[in-house]
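Residue numbers (my numbering): 86 to 361.
Heads up, some of the hints might be wrong.
Result set (DSBU-like, lysine-lysine): computed pairs, CA atoms no more than 35 angstroms apart in a straight line [stated by the list, open to error]:
1) 109 to 326
2) 316 to 160
3) 177 to 113
4) 152 to 326
5) 113 to 255
6) 320 to 255
7) 199 to 109
8) 293 to 259
9) 259 to 316
10) 293 to 320
11) 326 to 180
12) 320 to 107
Simulated restraints, written as ranges between beta carbons of each label pair [claimed, not checked]:
13) 293 to 327: 42 to 48 angstroms
14) 134 to 267: 30 to 36 angstroms
15) 335 to 293: 35 to 41 angstroms
16) 107 to 336: 47 to 53 angstroms
17) 157 to 313: 29 to 35 angstroms
18) 183 to 204: 26 to 32 angstroms
19) 318 to 149: 23 to 29 angstroms
20) 120 to 161: 35 to 41 angstroms
21) 324 to 131: 52 to 58 angstroms
These aren't lab readings, by the way, just hints derived from the structure by calculation.
Values in this document were obtained by computation on a predicted structure and should not be read as measured data.
For every residue, glycine included, the Cβ atom is placed at its ideal position computed from N, Cα and C.
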Amino acid sequence: MQQILGTGLSGLVGSKFLELSKEKFECKNLDLTMGVDILNEKQVMQAVEASNADTIIHMAAFTDVTKAFEETGNKDGVTYRVNVLGTRNIVKAAKAFDKYLVHISTAYVFDGNKESPYIETDERHPIEWYGQTKAWAEEEVEQGNGRFSVLRIDRPYRLDTFSKLDLLHKVMEKLKTNSLPPQFSDTSWTPTSIETFSQWLMQIVQGKPQGIFHTTTEQLFSDYTFALWVKEQYKLDGEVKEGSLTEYLQTNNRPYQRNTALDTQKIRTWLLSMTE
Numbered sequence: 086m087q088q089i090l091g092t093g094l095s096g097l098v099g100s101k102f103l104e105l106s107k108e109k110f111e112c113k114n115l116d117l118t119m120g121v122d123i124l125n126e127k128q129v130m131q132a133v134e135a136s137n138a139d140t141i142i143h144m145a146a147f148t149d150v151t152k153a154f155e156e157t158g159n160k161d162g163v164t165y166r167v168n169v170l171g172t173r174n175i176v177k178a179a180k181a182f183d184k185y186l187v188h189i190s191t192a193y194v195f196d197g198n199k200e201s202p203y204i205e206t207d208e209r210h211p212i213e214w215y216g217q218t219k220a221w222a223e224e225e226v227e228q229g230n231g232r233f234s235v236l237r238i239d240r241p242y243r244l245d246t247f248s249k250l251d252l253l254h255k256v257m258e259k260l261k262t263n264s265l266p267p268q269f270s271d272t273s274w275t276p277t278s279i280e281t282f283s284q285w286l287m288q289i290v291q292g293k294p295q296g297i298f299h300t301t302t303e304q305l306f307s308d309y310t311f312a313l314w315v316k317e318q319y320k321l322d323g324e325v326k327e328g329s330l331t332e333y334l335q336t337n338n339r340p341y342q343r344n345t346a347l348d349t350q351k352i353r354t355w356l357l358s359m360t361e
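Input sequences plus hints: build the corresponding full structure.
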């Protein structure tokens, strides 16, 4: 059975991948329970050197956008340290021991001003600290001179419940109590079904493509149309009210991407080629 090293395999995305891939891969989590702190370069190097795995999946990240915003500009903060320095250590180890690195990233590396879905070659231009640290993390991967793929996802959700509620389940809970605030109708994004993404990730681990790929899996939504979809899909009675991001931003200075939709033609073409 193929061996894989991973970070963040106990998280929202990683735990589902672990569950769905257990018949194909033997996965070992590089985390504190295994005596590995990704901020400790020596520990990372030792763990990677001792492993027969040919692939590292790097999912660990600080993803709380609100808390990250509070750390803006602070390179001693947890957001920068985990997202940039932790990634740097993983990249160094992958290169040193010739491991293929799969780095999970985000649509938040873009500013959200584009009128159409972003493609892989669009210039990174983050507008808040979380996105900035993830953009720097991508640069660490690209400049590491190793074998890699960067997989950008957006608003991941899974069908079952998890200790950390994803967007789907947050909307469901609010609809059940009829307490959903107005949802922006002037946003665009493409969510990521973690179940589908996990299937794609298994093929990527086996095929080892090189470069950046957009791996959101679902159709285009706004906050408003997504809430309507959830209401219909799960037959919930709560009211879905329409809101406006433009109006919201008139009284709130917090950066907010209007468009994080990702064009997935590149990865879909590659996946199709793997079946031929």
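Hint by hint, here is what the structure shows:
1. With a C-alpha separation of about 44 angstroms, the suggested pairing of residue 109 with residue 326 is violated against the 35 angstroms cut-off.
2. For a cut-off of 35 angstroms, the pair hint linking residue 316 to residue 160 is broken: about 41 angstroms separates their Cα positions.
3. For the given pair, residue 177 sits about 19 angstroms from residue 113 by alpha-carbon distance, which is consistent with the 35 angstroms threshold.
4. A threshold of 35 angstroms between alpha carbons decides the hint, and for residue 152 with residue 326 the separation of about 27 angstroms falls inside it, so the pair holds.
5. Pair hint residue 113 plus residue 255 holds up; C-alpha atoms about 30 angstroms apart against a cutoff of 35 angstroms.
6. For the suggested pair residue 320 and residue 255, the alpha carbons sit about 15 angstroms apart, so the restraint of at most 35 angstroms is met.
7. Our distance criterion of 35 angstroms between C-alpha atoms is broken by residue 199 and residue 109, whose separation comes to about 39 angstroms.
8. With a CA separation close to 40 angstroms, the supplied pair residue 293 and residue 259 exceeds the 35 angstroms bound.
9. Between residue 259 and residue 316 the CA atoms are separated by roughly 10 angstroms; this keeps the pair inside 35 angstroms, and the hint holds.
10. The straight-line distance between the Cα atoms of residue 293 and residue 320 is roughly 41 angstroms, outside the 35 angstroms bound, and the hint therefore fails.
11. Between residue 326 and residue 180 the alpha-carbon distance is near 50 angstroms, which puts this suggested pair outside the 35 angstroms criterion.
12. Under the criterion of a C-alpha separation no larger than 35 angstroms, the hint pairing residue 320 with residue 107 is consistent with the structure, at around 33 angstroms.
13. Under the hint 42 to 48 angstroms, the C-beta atoms of residue 293 and residue 327, about 44 angstroms apart, fit the expected range.
14. Remark: the range hint 30 to 36 angstroms for residue 134 to residue 267 is contradicted by a beta-carbon distance near 53 angstroms.
15. One distance hint, 35 to 41 angstroms for the beta-carbon pair residue 335 and residue 293, is violated here, with the actual separation near 47 angstroms.
16. A beta carbon spacing of about 48 angstroms between residue 107 and residue 336 agrees with the range 47 to 53 angstroms that was offered as a hint.
17. Distance hint for residue 157 and residue 313: a CB-CB separation of about 34 angstroms, consistent with the stated range 29 to 35 angstroms.
18. Distance hint check: the CB atoms of residue 183 and residue 204 are about 30 angstroms apart, consistent with the given range 26 to 32 angstroms.
19. Restraint check, residue 318 to residue 149: a C-beta distance of roughly 27 angstroms satisfies the suggested window 23 to 29 angstroms.
20. Taking the beta carbon of each, residue 120 and residue 161 are about 24 angstroms apart, not inside 35 to 41 angstroms as hinted.
21. The hinted window of 52 to 58 angstroms between residue 324 and residue 131 holds, with their beta carbons roughly 55 angstroms apart.
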